[in-house]
Amino acid sequence: MTKRIDRRNFIRGCARYSLGFGLAGVVGFVAKDTIAGEWVWQIDPFKCTSCGRCATHCVLNPSAVKCVHAYALCGYCDLCGGYLKPGHISRDTAAENMLCPTDAIKRKYVEEPYYEYKIIEELCIGCAKCVKGCSAFGNGSLHLQIRHDLCVNCNECAIARVCPSDAISRVPKTDPYLIKGDFNKGEDV
Amino acid sequence: MIKNVTGYFFVLFFVCFSFIAHAQQQRFPKPEFETEYQMPETSSPMPRAPFMEYVDVMVLILVMGVTIWLIFKKRSRKGIFWVAVFALLYFGFYRQGCICAIGAVQNLALGIFNPGYAIPISALAFFVIPLLVTLFAGRIFCASACPLGVIQDILIVKPIKIAPWIQKTLGLFPFIYLGLAVLYAATGTDFIICRYDPFIGIFRMGAEFHMIVLGISFLLMGMFVARPYCRFICPYGAMLNIGSRFSKNHLSITPKECINCKLCKDSCPFDAIDFPTEEKENKPVKSDTRRFLTYAAMIPLLVVLGGWAVSASYKTLSKAHSDVSLANLLIANPEKMSETDNLDIETFMASGRTLEMLMQDATLVQEKFRKGGWWLGGFIGLVIGLTLLNQVIYRRRDIYEANRGNCYSCGRCMEYCPVGKPDHPYHQLDPKNQNL
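Going line by line, the protein sequences match chains R and E.
With this note's numbering, the residue at position 105 of the first sequence is 105, and numbering never jumps.
With this note's numbering, the residue at position 10 of the second sequence is 1010, and numbering never jumps.
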């Protein structure tokens, strides 16, 4: 009776230690290139084609992707391709003239002939309509970024999966933004 | 001919358009303001502080440590329940389901097979710690630390018994799912465990409609079929199941000697209590030896057959990869290249990648699937073979005890055991039991 149990325990012990060492082996194998911090997801603005999926595919509603404004790039135009609809009737703040569907861009007069454009992130849904307009007709200072105060950092980012241009990738948590710089820095963000 | 011309026109259009879309062009120079205008800073709100991920690891260790103490020292189901509720609130509703040990196996697979990805130490810790603990104390993680398990566990109402053959057959699925998840993660295709996590939508109070429906139906089903996800789907549970079978210590139903009172017989909602062998009909031993040898000899055959079958279906499996599906679509319907209502095609045409480049990438992915298919199929064959072999192994058992593989260490059965509880009603029935 006791002998039988001993044999069982012996086999169990052998299996336990071989599983343990196997596990340690796998861990040791990957341990050589672990990183201390987590990864977070970010959009490369130079790859982004402003397709609009960020607004619809993020697990959050509204999306954690927002439009950000690189002021250093902006031409402060009166005729702003990101603010005004193509074919707008007049250059004022009337709803029918505006490109943004949620009125999330605030236009402020600075001095003749310059206007400042500011994104109100609480209203922005990340639809990239303004990004498209700004890139097509302007300097490309408006671009999308994942906002990390909102992002829940899913293990598998739902918008990265559907991004048609593979613009979303993991970046180190310590340096979580790819905000466009100004022209002096070139395309190096 | 005309069609061709329009095709070229579209290509030209997209090439130009893509240039516009990607460019950072100084069409309008930066103004030189005459007034005192200060250019605002572009804000960049930071993510959760990096040290917090180690707090998560500490919480995991703490929760599991307390559970071990509650199981082995206090033998308190109530205590385990409250620790589990805490873990559900912390890992489920506060951390919103990420990071989780179940999904971490995919990070590990990606880390091993993709040199461009280094696995974060915290993800590695979430993968390894529950497995190590399981080797020494049983499935403690399932008992109280896993938010997916706990949310099902607290909603068990009236569990029904499930026939062993159904359990064993459905119990094969987690291994297949595990293998598939590793294959898809290793090829850089998808993290299917995270994508089809039924409860994450509940933790986040929002997800795609069909995932919410799936989650709620799992919970509803779980009222009667206890912990359906854990038992028949969870890929991490499959690993813990194997680890737990060889664990050094394990929850025992009774604190001392089992008195075969049968009170715990129906206490387990997961049918994870093994009965004494006298209750089973004894099978003729001779034919079992023959069956054992037959099944054992079949295992290599199953491994090869499985490997071949899965590897041969690499084309179907690899369709989940975006490059492969796009290449397939464009090869089958070349006329779609000029289509404007398909965003993926439109972006691909504008990207400057040629169809040949795409096909090359797709072939590389398919090759990975063909190779990985052998491993996956072999693994599935091995699991099926060992499960069959396990059926014919005869184990004599004199007492009621937890099945180490399937037991989640939830502690319900401990409450039913009258041993060591002098005021348990069982002892009043028969005064001679009093001293037990």
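Hints may contain errors.
[Claimed, not checked] Okay, the calculated beta carbon distance ranges per label pair: (1) E/Ser1043 - R/Gly22: 44 to 50 Å; (2) R/Arg161 - E/Trp1165: 25 to 31 Å; (3) E/Asn1114 - R/Glu111: 48 to 54 Å; (4) R/Arg8 - E/Pro1045: 34 to 40 Å; (5) R/Asp103 - E/Lys1371: 49 to 55 Å; (6) R/Arg161 - E/Thr1340: 20 to 26 Å; (7) R/Lys47 - E/Asn1342: 16 to 22 Å; (8) R/Phe29 - E/Glu1208: 48 to 54 Å; (9) R/Asp33 - E/Asp1423: 58 to 64 Å; (10) R/Lys47 - E/Asn1328: 22 to 28 Å; (11) R/Arg107 - E/Pro1029: 18 to 24 Å; (12) R/Gly20 - E/Arg1290: 32 to 38 Å; (13) R/Asp103 - E/Gln1167: 54 to 60 Å; (14) E/Lys1371 - R/Ala136: 27 to 33 Å.
[As the list claims (entries may be wrong)] Each computed DSBU-like pair below joins lysine-lysine, with the alpha-carbon atoms no more than 30 Å apart: (15) R/Lys47 - R/Lys85; (16) R/Lys47 - E/Lys1319; (17) R/Lys47 - E/Lys1336; (18) R/Lys118 - E/Lys1030.
[To be verified] Below, a sample of chain E positions facing chain R; criterion: calculated Cβ distance under 8 Å: (19) Thr1035; (20) Pro1050; (21) Ser1247.
Quick caveat, the hints were computed from the structure, so don't treat them as lab data.
A virtual CB, placed ideally from N, CA and C, is assigned to each residue, including glycine.
Verification of the supplied hints:
1. As the Cβ distance of E/Ser1043 to R/Gly22 is approximately 48 Å, the hint placing it in 44 to 50 Å holds.
2. Between R/Arg161 and E/Trp1165 the beta carbon distance is about 38 Å. The supplied range of 25 to 31 Å is therefore violated.
3. Evaluation of the 48 to 54 Å hint for E/Asn1114 and R/Glu111 yields a pass: the beta carbon distance comes to about 52 Å.
4. Range check, R/Arg8 to E/Pro1045: Cβ separation about 57 Å, and the 34 to 40 Å hint is violated.
5. For the pair R/Asp103 and E/Lys1371, the supplied restraint of 49 to 55 Å holds, since their beta-carbon distance comes to about 53 Å.
6. Between R/Arg161 and E/Thr1340 the beta carbon distance is about 23 Å. The supplied range of 20 to 26 Å therefore holds.
7. Distance hint check: the CB atoms of R/Lys47 and E/Asn1342 are about 19 Å apart, consistent with the given range 16 to 22 Å.
8. Range check, R/Phe29 to E/Glu1208: about 36 Å between beta-carbon atoms, so the 48 to 54 Å window is missed.
9. Range check, R/Asp33 to E/Asp1423: about 59 Å between beta-carbon atoms, so the 58 to 64 Å window is met.
10. Restraint check, R/Lys47 to E/Asn1328: a C-beta distance of roughly 23 Å satisfies the suggested window 22 to 28 Å.
11. The supplied range of 18 to 24 Å is met by R/Arg107 and E/Pro1029, whose beta-carbon atoms lie about 20 Å from each other.
12. One distance hint, 32 to 38 Å for the beta-carbon pair R/Gly20 and E/Arg1290, holds here, with the actual separation near 35 Å.
13. Our hint of 54 to 60 Å for R/Asp103 and E/Gln1167 holds, since their Cβ atoms are close to 57 Å apart.
14. A hinted range of 27 to 33 Å is violated for the C-beta pair E/Lys1371 and R/Ala136, which are about 44 Å apart.
15. Under the criterion of a C-alpha separation no larger than 30 Å, the hint pairing R/Lys47 with R/Lys85 is consistent with the structure, at around 24 Å.
16. At roughly 24 Å between alpha-carbon atoms, R/Lys47 and E/Lys1319 fall within 30 Å of each other, so this suggested pair holds.
17. Our distance criterion of 30 Å between C-alpha atoms is met by R/Lys47 and E/Lys1336, whose separation comes to about 23 Å.
18. Among the hinted pairs, R/Lys118 with E/Lys1030 is consistent with the structure: their alpha-carbon atoms are about 16 Å apart, no more than 30 Å.
19. With a least beta-carbon distance of about 5 Å to chain R, the hint placing E/Thr1035 at the interface is held under the 8 Å criterion.
20. For E/Pro1050, the shortest C-beta to C-beta distance to chain R is roughly 5 Å, which falls under 8 Å, so the interface hint holds.
21. About 7 Å separates the beta-carbon of E/Ser1247 from the nearest beta-carbon of chain R, less than 8 Å, and the hint is met.
Comparing the model with each numbered hint stated earlier shows that hints 2, 4, 8, 14 do not hold.
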